[in-house]
Amino acid sequence: MADLKVHNLKKSFDGNDIIKGIDLDIRDREFVVFVGPSGCGKSTLLRLIAGLEEVSSGRIELDGRDITDVSPAKRDLAMVFQTYALYPHMTVRKNMSFALDLAGADKQEVARKIEAAARTLELEPLLERKPRQLSGGQRQRVAIGRAIVRNPKVFLFDEPLSNLDAALRVQMRLELSRLHQELQATMIYVTHDQVEAMTLADKVVVLNGGRIEQVGSPMELYHNPANLFVAGFLGTPKMGFLKGRASRVEASGCEVELDAGCRLFLPVSGTTLNAGDPVTLGIRPEHLNRGSEGNCQLTVKADVSERLGSDTYCHVVTGNGEQLTMRIRGDFTPRYGESLSLTLEAAHCHLFDSNGVAVGQSLQLAA
Amino acid sequence: MATSSAALPKAPVTESAGEPSERKPRRFGPSWFLVSPSVALLLLWMLVPLSMTVYFSVIRYNLLYPGENDFVGLENFHYFLTDAGFMPGIVNTLILVGSVLLISVVLGVLISALLEAADFAGRGIVRVMLVSPFFIMPTVSALVWKNLIYHPVSGILAAVWKFFGAQPVGWLAQHPLASIVIIVSWQWLPFAILILMTAMQSLDQEQKEAARLDGAGPIAIFWHLTLPHLARPIAVVVMIETIFLLSVFAEIFTTTSGGPGYASTNLAYLIYNQALLQFDVGMASAGGLIAVVIANIAAIILVRMLGKNLTEKY
Numbered sequence: 021m022a023d024l025k026v027h028n029l030k031k032s033f034d035g036n037d038i039i040k041g042i043d044l045d046i047r048d049r050e051f052v053v054f055v056g057p058s059g060c061g062k063s064t065l066l067r068l069i070a071g072l073e074e075v076s077s078g079r080i081e082l083d084g085r086d087i088t089d090v091s092p093a094k095r096d097l098a099m100v101f102q103t104y105a106l107y108p109h110m111t112v113r114k115n116m117s118f119a120l121d122l123a124g125a126d127k128q129e130v131a132r133k134i135e136a137a138a139r140t141l142e143l144e145p146l147l148e149r150k151p152r153q154l155s156g157g158q159r160q161r162v163a164i165g166r167a168i169v170r171n172p173k174v175f176l177f178d179e180p181l182s183n184l185d186a187a188l189r190v191q192m193r194l195e196l197s198r199l200h201q202e203l204q205a206t207m208i209y210v211t212h213d214q215v216e217a218m219t220l221a222d223k224v225v226v227l228n229g230g231r232i233e234q235v236g237s238p239m240e241l242y243h244n245p246a247n248l249f250v251a252g253f254l255g256t257p258k259m260g261f262l263k264g265r266a267s268r269v270e271a272s273g274c275e276v277e278l279d280a281g282c283r284l285f286l287p288v289s290g291t292t293l294n295a296g297d298p299v300t301l302g303i304r305p306e307h308l309n310r311g312s313e314g315n316c317q318l319t320v321k322a323d324v325s326e327r328l329g330s331d332t333y334c335h336v337v338t339g340n341g342e343q344l345t346m347r348i349r350g351d352f353t354p355r356y357g358e359s360l361s362l363t364l365e366a367a368h369c370h371l372f373d374s375n376g377v378a379v380g381q382s383l384q385l386a387a
Numbered sequence: 083m084a085t086s087s088a089a090l091p092k093a094p095v096t097e098s099a100g101e102p103s104e105r106k107p108r109r110f111g112p113s114w115f116l117v118s119p120s121v122a123l124l125l126l127w128m129l130v131p132l133s134m135t136v137y138f139s140v141i142r143y144n145l146l147y148p149g150e151n152d153f154v155g156l157e158n159f160h161y162f163l164t165d166a167g168f169m170p171g172i173v174n175t176l177i178l179v180g181s182v183l184l185i186s187v188v189l190g191v192l193i194s195a196l197l198e199a200a201d202f203a204g205r206g207i208v209r210v211m212l213v214s215p216f217f218i219m220p221t222v223s224a225l226v227w228k229n230l231i232y233h234p235v236s237g238i239l240a241a242v243w244k245f246f247g248a249q250p251v252g253w254l255a256q257h258p259l260a261s262i263v264i265i266v267s268w269q270w271l272p273f274a275i276l277i278l279m280t281a282m283q284s285l286d287q288e289q290k291e292a293a294r295l296d297g298a299g300p301i302a303i304f305w306h307l308t309l310p311h312l313a314r315p316i317a318v319v320v321m322i323e324t325i326f327l328l329s330v331f332a333e334i335f336t337t338t339s340g341g342p343g344y345a346s347t348n349l350a351y352l353i354y355n356q357a358l359l360q361f362d363v364g365m366a367s368a369g370g371l372i373a374v375v376i377a378n379i380a381a382i383i384l385v386r387m388l389g390k391n392l393t394e395k396y
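Protein sequence lines, in the order shown, are assigned to chains A and B. For the first sequence, the numbering used here gives the first residue as 21, with consecutive numbering after it. For the second sequence, the numbering used here gives the first residue as 83, with consecutive numbering after it.
Treat the hints with care, as some may be off.
Stated by the list, open to error - Derived PhoX-like pairs: lysine-lysine, alpha-carbon spacing no greater than 20 Å straight-line:
1. Lys290(B) <-> Lys150(A)
2. Lys25(A) <-> Lys40(A)
3. Lys290(B) <-> Lys94(A)
Because the hints were derived from the structure by calculation, they are not lab data.
Please model the entire structure based on the sequences and the hints provided.
What follows is the structure, encoded as structure tokens:
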């Protein structure tokens, strides 16, 4: 069992509030990813959980035990650091056994645990080497092995893949996923890379400015962002935003008049909007279509395009200067400055009120 | 080519991060020619004094008997090695070097660890003060110690002893070598602190945090992380200090003049004694050559012991 609960956690450094009150519930065997822009407090939150920083106020509980003021070593947590933090003068074996040796564990038991961890991580031929004789990926695996042998309740990862090259990162990402399945462990993972967040997580925690913006499964966040920040943060290329005004509000939805020059009816339920309220409409690149068939047609000017082979990302500018990105299959490339017409898929539009909070429940999840 | 770049290797476990270093065999080329002036100058700088010393060591060369410079073979060496001051000189040299190394390394590590761990107001000033004795001339510091601290009448230690009603100790007369060891340690401890303090700051903080999570307390972290991290700077301190400590002279000259008897005479002082107090340049030259041999033995031992530590990369 490993249920981690965080209650109203706050942390300030020299009067600057870094973590501004976080409530979080992490259940047994979950893979939780903290994601957010740099400086959002995600690493600090992890370090608070690890006990490497002192909490300013609030409470951390692990399986009902208050661990807020417990020393890091006694929290039953293990952490993998961004720079691996291997002990440079110790062999791989010694690196992995260090914690157990300090705790005075039985020698044979230690050896057995190391063999098991080395087998899982394919480190067996490397046990007698020093960290400097290993490649980046191998060091990463040793760092994970060091965590595994301690058999902790929760694994903490602080941007573990950011020092690896792109190809190795993809491979390690898969290995981490596999490891999570094999160990059936609770893992907390900090990253600024939303691809890692989307692919690894059972539960994504989006942080911004020391607060949680939204918690949910990757697909939930992607399809149903709670606010403008989450909508803009997740997804590559970014979601496009169009300003407008609610012109008619009904029980079944809401008609929006966009400043860019078109009207469309969005099937959002339970809106709290009134007619005339300013709104922002969000639309992902894959839900913009070229052509003139549809109920909302925009005339835009083509900016630059990025061709990836399978898709082309066309950046376009609306008549009133708003930026949109359109994802088109194949290698269609408009000339720079060319006039295009495109339509929005009303069912996939997101609507946000003037405070940036999502309006109603988008119907596509239910569908 | 296309296939090799397309197939992503699944992190081969046998791969090693270090590349094998292939050295080209040395050849005589333009580079050799271009460095020759400086090499020649250095050789000249070294060879001329050395050959003069060798020449002086095999002739009778006493300033009191000018003109009697006949060849005497190894007689000078024989006299130097059987001189009453030779064995004490060697032993004192070794004691001096060994104990100053021990004191400066042990205290240096402890003080710099303390400075690194403690966070108090005025830490910058304390650092400067800890390092400052290094910048005082040996003669001056030896005089300060002799007249202000060790002096049996007017010294600080004498005042302390008197305050407790004890008989003041004549430090330089009764414990000459130990007193000199303390003076020299006081001069060289700052050097150790300077090097070790800087090295301490380069210890990776994440390693310390990882160790804390692994359950290591401050002492375990010091023992398992800080000390191994300091191995290389300690080797540097030992090497450099050994070179300078083998030739300590000013401190002995200004305080005890090597006495009483030979109690605080080291090899450097013994050679000075032969050359400029007994005017026997021939014998002093022989002693100088013996000192060169001893210094080289020490250097070889040190390089053997510590050289691996210096070239090994983390």
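Could you tell me which of the hints above the structure violates, numbers in ascending order? When the structure is compared with the hints, none of them turns out to be violated.
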